[in-house]
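Chemist: What follows is each chain in one-letter form.
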Amino acid sequence: MALPEDSSQPRLAAGCRWGAEKKIDTGLERTVLFPEGAIRLQGTGLQILERCDGQRTFGQIIGELQSQFADADPAKVRSDIGQFLEQLRHKRIVDY
Amino acid sequence: MIPNPLALIAELTHRCPLHCVYCSNPLELAAVSSELSTAEWIDVFQQAGKLGMLHAHFTGGEPLARPDLAQLIASARGAGLYTNLITSGIGLAETRLQALVDAGLDHIQVSFQDSREGAANWIAGAKAHAHKIELSRLIRQHKIAFTVNLVIHRQNIDHIEEMISFIERLAPERMEIAHTQYYGWALRNRAALLPTRAQLERAVEAVATAEQRLAGRIRIDSVVPDYYARFPKACMGGWGRRLMLINPSGKALPCHAAEVIPGLTCENVRQKTLEYIWRESSSFQRFRGEEWMPEPCRSCDRRGDDFGGCRCQALLLTGDAAATDPVCSLAPAHLIVESALAGTNSSDTVSQPVPASSFVQLQQLSSELWSYRKNPD
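Each protein sequence line maps, in turn, to chains A and B. Terminal number for the first sequence in our numbering: 96, no gaps in between. Terminal number for the second sequence in our numbering: 1377, no gaps in between.
In isolation and in its complexed conformation, chain B is listed as follows:
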């Protein structure tokens, strides 16, 4: 018997006011015209509750781009789910925040790009930083959980202590320090984002020190960069084991980037129930369990801990979704990751934010370094 899924990741839309260069959304964004309707989402949340799921994570793109967000939160909460909004905060002011809290929002997670305004807006490709600070103050007037998420990469890692102190002043219960994961736009921009080993080691030490200092006040959850790890991450807690992601147009995915896997037919909630998709669909069964595993995973003691790593990363880097995740030091294709790291560690250029008067100008000035995330049609 397959255990129930624990959480639903609801990607409400791929529209976003930010253009973050490390965005993990796919390069092929879901078109606005294909988005699920309010009634379709409400049905999804009701099914999720009945299936025994505990959490609904509202994400995107920017979930606030959906005018029906409060209604969707209320329906998820009504179905017994714990509701979490992952947001840039753009589009959220006092009245709307109050409406979301009234609808039953339990937890809000706001991402910051940096502690320094110029650098933060440069990474986001939008003037968002000052608004986020103001929003954080408003959030603390409500009795909901508040997490600040900080994405770490080559351009900001050297002042990680300053960023942690900055977040501390925003007074969240939780701080998530997440090294960039190389999917979607982040993979395209990897050369400008992947930190050096020396940068990483210093940052890990700084986070450990902060964890001790803040213990009991702010909990730090950190996501290590898997390129530098000896073993891969247990992506999504294992394929089809804990999580189900619904993308803006209703496709049910076992992992954020699963759409890139050739030959994987993902069911749509417009046609199939969540229960069918979880228990019966070929996509959720494809890499569930150990049958599919190649060596060295198949006989590895760690196969029950990391499940062979991430299938999408295996595909993106080796071209084979069933290969051992190449970040694993035991993987036959580990050389691919080693050569990316060798490139990074032999060059020491760290770029600086460029002042620009418009997004178009910013794009032009930074075009040698990276591509900004686009918006869907």
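Next comes chain A alone, as it looks inside the complex:
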């Protein structure tokens, strides 16, 4: 699966938006609503998608999360995030 370009600027696709949020034991759970479905996000998934604001580039998002998870292999952080976003793009939840 191809990864996003470093200069691309991921954002929620048209008609996809943040819905309700609630506090859970490990922090916050937020919902993204989209046609015919919804995903509940917490932890890393949430941190990735919250950065998909159409301003930050894919390169910046990777950089921020690589420094936050300094113990993890940077190459693995990059490919995990890239694949996560690519999957969401195929579902037309994220655009870049």
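Accuracy of the hints is not assured; some may be wrong.
Here are the simulated SDA-like cross-link-like pairs (lysine to any residue), alpha carbons at most 20 Å apart as the crow flies [as the list claims (entries may be wrong)]:
| # | chain 1 | residue 1 | chain 2 | residue 2 |
| --- | --- | --- | --- | --- |
| 1 | A | LYS23 | B | LYS1050 |
| 2 | B | LYS1050 | A | ALA20 |
| 3 | B | LYS1127 | B | GLY1319 |
Example chain B residues on the side facing chain A (calculated, C-beta under 10 Å, incomplete) [claimed, not checked]:
| # | residue |
| --- | --- |
| 4 | LEU1051 |
| 5 | HIS1055 |
| 6 | THR1059 |
| 7 | LEU1081 |
| 8 | TYR1082 |
| 9 | HIS1107 |
| 10 | PHE1146 |
| 11 | VAL1204 |
| 12 | ARG1219 |
Simulated from the structure, these hints should not be mistaken for lab results. Even for Gly, the Cβ is constructed at its ideal location relative to N, Cα and C.
The hints should help you fit chain B onto chain A, whose structure is shown.
Modeler: Relative to the frame of chain A, chain B by itself:
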């Protein structure tokens, strides 16, 4: 504890400017005089939000026939729901579309009957095709999600590639390719709509090819025709598990066609709360869980995946709503579906659109083939 419902299907009205021969609305349409008022619908959406529902699907008939549609969308959005309008687009021009978007519309879903204008208008029983194309262009000027829905059947399936390319040019995020489901008017017109196995196999291949080509650009969701499947569909995601449908006159139904089930008393939102209906009413409990299941469902490994299939289809085809859905290859009544398929696969007539100067003339010219959907009183 019963989990919360996920979505509300709001059938605002059974009035419709189209007369599609595959319409899944019941043959007994809800009368205009029985429709819920604006205030009653607003109350329903507020209850839905409190009950934890996430989506409101505005459908019909044609929801645009309700002059208060923008107000209803705003109230659903205000209750925290994601709003989806399922429409023919007739009655929607620039100003009204803007008003719906301003009210908080998240997603619009427009149905197309064909890529070819003559054929599309023939299926719809109305001159709607050209307007839908123009509307699609207007929709893309707004930041809302856009889905094009294409209903597939015997009369259009042979040029499915052409229809997919046509939709591609309308640039939606999502394309829904839905084989006709045989309820309501579609069941009455089944002989003219059910495709042959050879047609189906070719179409499935064409959709798979298109899915690959469009990946990342347009998402294709396809609904397979259950008559040709080995196992039934998980209708509504299971009875009383995910969805609640409110019909134009306020009846709460666990499935689109549930009103046809004899002895099923459906509550009305005019008398009962959504929470009561979801948790306590006999109609929503009737086929919830596994207690009601006959064999072979009761001991089947798939009972948690398909929940025994569709109760309304079981009733419509076997006369018993508690029977295994006869589309299942394991169902005792599967012969009913097999004989419908045998009839279809032994005849190769595919009719062509007939040019007509009026709807009355079109009805007369096509009367041997099918009945057009009527409008409620």
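Chemist: Next, verify each hint and record whether it holds.
Modeler: Okay, the hints, checked on the actual structure:
Of the pairs offered as hints, the one joining A:LYS23 and B:LYS1050 holds, with about 17 Å between alpha carbons and a cut-off of 20 Å not exceeded. Distance check on the hinted pair: B:LYS1050 and A:ALA20 sit about 12 Å apart at the alpha-carbon level, within 20 Å; holds. This hinted pair does not check out: B:LYS1127 and B:GLY1319 have alpha carbons roughly 37 Å apart, beyond 20 Å. Checking B:LEU1051 against chain A: minimum C-beta separation of about 13 Å lies over 10 Å; hint violated.
The criterion of a C-beta within 10 Å of any C-beta in chain A is met by B:HIS1055, whose closest approach is roughly 7 Å, and the hint holds. The restraint placing B:THR1059 at the interface with chain A is violated, with a minimum CB-CB distance near 13 Å, outside the 10 Å limit. At about 9 Å, the closest approach between the beta carbon of B:LEU1081 and any beta carbon in chain A falls short of 10 Å, and the interface hint on this residue holds. Because the smallest distance between the Cβ of B:TYR1082 and any Cβ of chain A comes to about 4 Å, under 10 Å, the interface hint for this residue holds.
Evaluation of the B:HIS1107 hint against chain A yields a held restraint, the C-beta minimum of about 5 Å falling below 10 Å. Interface restraint check for B:PHE1146: the shortest CB-CB distance to chain A comes to about 7 Å, inside 10 Å, so the restraint holds. The criterion of a C-beta within 10 Å of any C-beta in chain A is not met by B:VAL1204, whose closest approach is roughly 20 Å, and the hint is violated. Restraint check, B:ARG1219 versus chain A: the minimum CB separation of about 5 Å is within 10 Å; hint holds.
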